[in-house]
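Undergrad: The residues making up each chain are set out below.
Number of protein chains: 4
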Amino acid sequence: MPSTTGERAQDEKETGRLEAFSDGVFGIAITLLVLDIKVPRALELADRSTLEEALWRQWPTHASYVLSFVTVLIMWTNHHKVFRLIRRSDHTFLLINGLLLMFVTLMPFPTSLLAEHLAQPGGATAAAVYSGTFVLIAALFNALWHYAAHHGRLLARGYDREAAQAITRQYRFGPALYLAAFLLAFVNVWASVGLCAGLAAFFALPDSGNRKLRE
Amino acid sequence: MPSTTGERAQDEKETGRLEAFSDGVFGIAITLLVLDIKVPRALELADRSTLEEALWRQWPTHASYVLSFVTVLIMWTNHHKVFRLIRRSDHTFLLINGLLLMFVTLMPFPTSLLAEHLAQPGGATAAAVYSGTFVLIAALFNALWHYAAHHGRLLARGYDREAAQAITRQYRFGPALYLAAFLLAFVNVWASVGLCAGLAAFFALPDSGNRKLRE
Amino acid sequence: MPSTTGERAQDEKETGRLEAFSDGVFGIAITLLVLDIKVPRALELADRSTLEEALWRQWPTHASYVLSFVTVLIMWTNHHKVFRLIRRSDHTFLLINGLLLMFVTLMPFPTSLLAEHLAQPGGATAAAVYSGTFVLIAALFNALWHYAAHHGRLLARGYDREAAQAITRQYRFGPALYLAAFLLAFVNVWASVGLCAGLAAFFALPDSGNRKLRE
Amino acid sequence: MPSTTGERAQDEKETGRLEAFSDGVFGIAITLLVLDIKVPRALELADRSTLEEALWRQWPTHASYVLSFVTVLIMWTNHHKVFRLIRRSDHTFLLINGLLLMFVTLMPFPTSLLAEHLAQPGGATAAAVYSGTFVLIAALFNALWHYAAHHGRLLARGYDREAAQAITRQYRFGPALYLAAFLLAFVNVWASVGLCAGLAAFFALPDSGNRKLRE
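Chains as they are written, first to last, in my numbering: chain G, 1 to 215; chain F, 1 to 215; chain P, 1 to 215; chain H, 1 to 215.
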């Protein structure tokens, strides 16, 4: 049990390395998204279309890139907010964080799947896999936070209770909303993807709930 | 409002993680540029050309790599300079920085597009997309800086006013110059790319404006 | 020989950079695993199968991704635990750590090899290469730890002897168990991969041995 | 001119971010090397060869991976050693370091080129490009070090003069030796690559010169 100054410093250092590793994984996952945007080949354009048209035809790829980039960036911001309150770590916490990173790292795959099949017969399946990944990530974020915050288990001594409650409130609806997007995929592909986009915009834009966290 | 020593330390730590994440994204984006340089296959060379000729024919790829690498490196240096004066962060700042990173991360795509189409019918479109990405990045750099520096909003208490003004001056012309490169793309592809190269060289070489920042 | 406060601080800083570099390499290797999961192309699905079936047929790829991700994550956690006790570095230590990173970095290759050949005639070879990579990594982890811990060579002054012995005990069986998986590959591919999966689950789940390390 | 405690701390922080960025770039460049090792496809093996034979036939790829990984790792170690003595940075230093990173980042390309053409008619060209990249990197390492060390320009006050002279001595022969490998490429491909491998082994193994640096 950490009780001396030395051990407390040791604790902070440890979380620091976990944050740095997580940041690295978020940063690489977000950057690998670009590898899915393929350049139209010059030889294939020669005869019947211009590069401009070819780029416009790629719009599902560009839209998927923006949607996934913004969503992963919001996830990183959330991870960041949670870790501002966390000081300690244990094996279960490392495990939950590891599973979370596994699905964050996977993001280039559902993004690429959505871009390829959005306007094709497989659109429903692609949108279900895409939003389903977000369901799992949102659920794991809740698990990570509730495990750490339960009786202040891994939080700093004298942590900011209001900030902690704001996170609990903010996380409550994530899994349910992404589950709605997942179920919508089987009804209407565009509604499902639209809901994901709406959620990204809602979380990205500064709102009163988020502003509270910063004051 | 941060006012105690503890909160000030907390602020510095937070910006530290934002810088580390941004550095990671810059570092990965700059490194992924190399993936666009494809090795000429041995089987395709067997009959009618040597490897040396094949490598020379790839010059648009090599030139694009160098131009994008140097430009992204300058962007990183600028990001670095800006963050030396910034101590705090808020939601809007995170959002602007996120958008900036989104276009930095995109860089391998316009680079690859330029390399493929520079000397082809789609050259104008490719050069417009390439320089257009720089217009957006330059504009977002200005937005980031002006948001942070407005009434010293996110700067350190007692920040170096001269260094801040030097950044404001240095950033003023970026968007306009890259906009000129963007417009030139529709007139002459080589002039557009040449202007981008000239700007990279101008910012890379030590000049009086940059030296001032270091004194 | 470090003896003053200044030199001790220098030592810590140096290990810090080695840890950061190692973390980066682990983080990138783990993230590159996703590049092996190829999206089924829409054009190839049009006639005779649905996207859903195509994704199910990809199960060896998905399973390999999960197995390798979890195993590399456990490796990272182990690296982390070891470095909590280590304070100094020398050339031989850098060399062993470098070889360890070389095989960690290689992981996307055996993972991809396993995914492609698991249910094919080359299954035994693929499983042997896969588990053989783990044999080498487990052996290098032991070498790294024993070199550092021998007479407390690179450990902190007054290091936690019980934690050190727990690591020695925990590492003892790794190479032998993965060697068993390697040999099993020539008898039964599924038993070999199953043993690798069992070891990943065993190390990932919190057990008494691991819990001891945290108390 | 830094003279107060505050400004000195500022200096250290700045070099810290430069080191972190450089580490990230080294780490990513070294990890991307694995992307060149392509898995033999199951369908192509079905009729006339086994996976084992196919993997043995890939030996130039495996050998190039090991050689480049070890060489880049040695470069990182050297970068690390140099930065232990450096405390400040300026525009010219950033520029030299940037050029150095540009060629380090390029490494996956000459590595892939060597693997593809080593035993083909283009072998001489590939080996020349490969060793030529090392000539440039070795020259830039010398430029970086001499610029920083000239009259102790960017070094810590009261830096270890013996360590500085050891670096100067150690770097002296790098460019000439790699230039010899470059010229050998036009005479005998294997001698050129062998010299590169010998240099990697020489620098990797602990020798008296390196040991001196650590005492």
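Since the hints were made in silico from the structure, they are not lab data. Each residue gets a CB set at the ideal place from its N, CA and C atoms; glycine is no exception. Each hint should be verified, as a subset may be incorrect.
Chain H residues, not near chain P, derived (Cβ > 12 Å throughout) [what the hints assert, rightly or not]:
{"hint": "1", "residue": "A54"}
{"hint": "2", "residue": "R169"}
{"hint": "3", "residue": "W190"}
{"hint": "4", "residue": "A204"}
Calculated pairs, DSBU-like style, for lysine-lysine (alpha carbon to alpha carbon, straight line, at most 35 Å) [to be verified]:
{"hint": "5", "chain 1": "G", "residue 1": "K38", "chain 2": "F", "residue 2": "K81"}
{"hint": "6", "chain 1": "G", "residue 1": "K38", "chain 2": "H", "residue 2": "K38"}
{"hint": "7", "chain 1": "P", "residue 1": "K38", "chain 2": "G", "residue 2": "K81"}
{"hint": "8", "chain 1": "F", "residue 1": "K38", "chain 2": "G", "residue 2": "K81"}
{"hint": "9", "chain 1": "G", "residue 1": "K81", "chain 2": "F", "residue 2": "K81"}
{"hint": "10", "chain 1": "H", "residue 1": "K38", "chain 2": "F", "residue 2": "K38"}
{"hint": "11", "chain 1": "H", "residue 1": "K38", "chain 2": "P", "residue 2": "K38"}
{"hint": "12", "chain 1": "F", "residue 1": "K81", "chain 2": "H", "residue 2": "K81"}
{"hint": "13", "chain 1": "H", "residue 1": "K81", "chain 2": "P", "residue 2": "K38"}
{"hint": "14", "chain 1": "P", "residue 1": "K81", "chain 2": "G", "residue 2": "K38"}
{"hint": "15", "chain 1": "H", "residue 1": "K38", "chain 2": "F", "residue 2": "K81"}
{"hint": "16", "chain 1": "H", "residue 1": "K38", "chain 2": "P", "residue 2": "K81"}
{"hint": "17", "chain 1": "G", "residue 1": "K81", "chain 2": "P", "residue 2": "K81"}
{"hint": "18", "chain 1": "F", "residue 1": "K38", "chain 2": "P", "residue 2": "K81"}
Undergrad: Does each hint hold? Answer for all of them.
TA: Quick rundown of the hints versus the structure:
no., hint, verdict
1, A54, "8 Å, violated"
2, R169, "16 Å, holds"
3, W190, "23 Å, holds"
4, A204, "6 Å, violated"
5, K38/G <-> K81/F, "33 Å, holds"
6, K38/G <-> K38/H, "20 Å, holds"
7, K38/P <-> K81/G, "33 Å, holds"
8, K38/F <-> K81/G, "41 Å, violated"
9, K81/G <-> K81/F, "25 Å, holds"
10, K38/H <-> K38/F, "14 Å, holds"
11, K38/H <-> K38/P, "14 Å, holds"
12, K81/F <-> K81/H, "25 Å, holds"
13, K81/H <-> K38/P, "41 Å, violated"
14, K81/P <-> K38/G, "41 Å, violated"
15, K38/H <-> K81/F, "41 Å, violated"
16, K38/H <-> K81/P, "33 Å, holds"
17, K81/G <-> K81/P, "25 Å, holds"
18, K38/F <-> K81/P, "40 Å, violated"
Checked against the numbered hints given earlier, this structure breaks hints 1, 4, 8, 13, 14, 15, 18; the rest are met.
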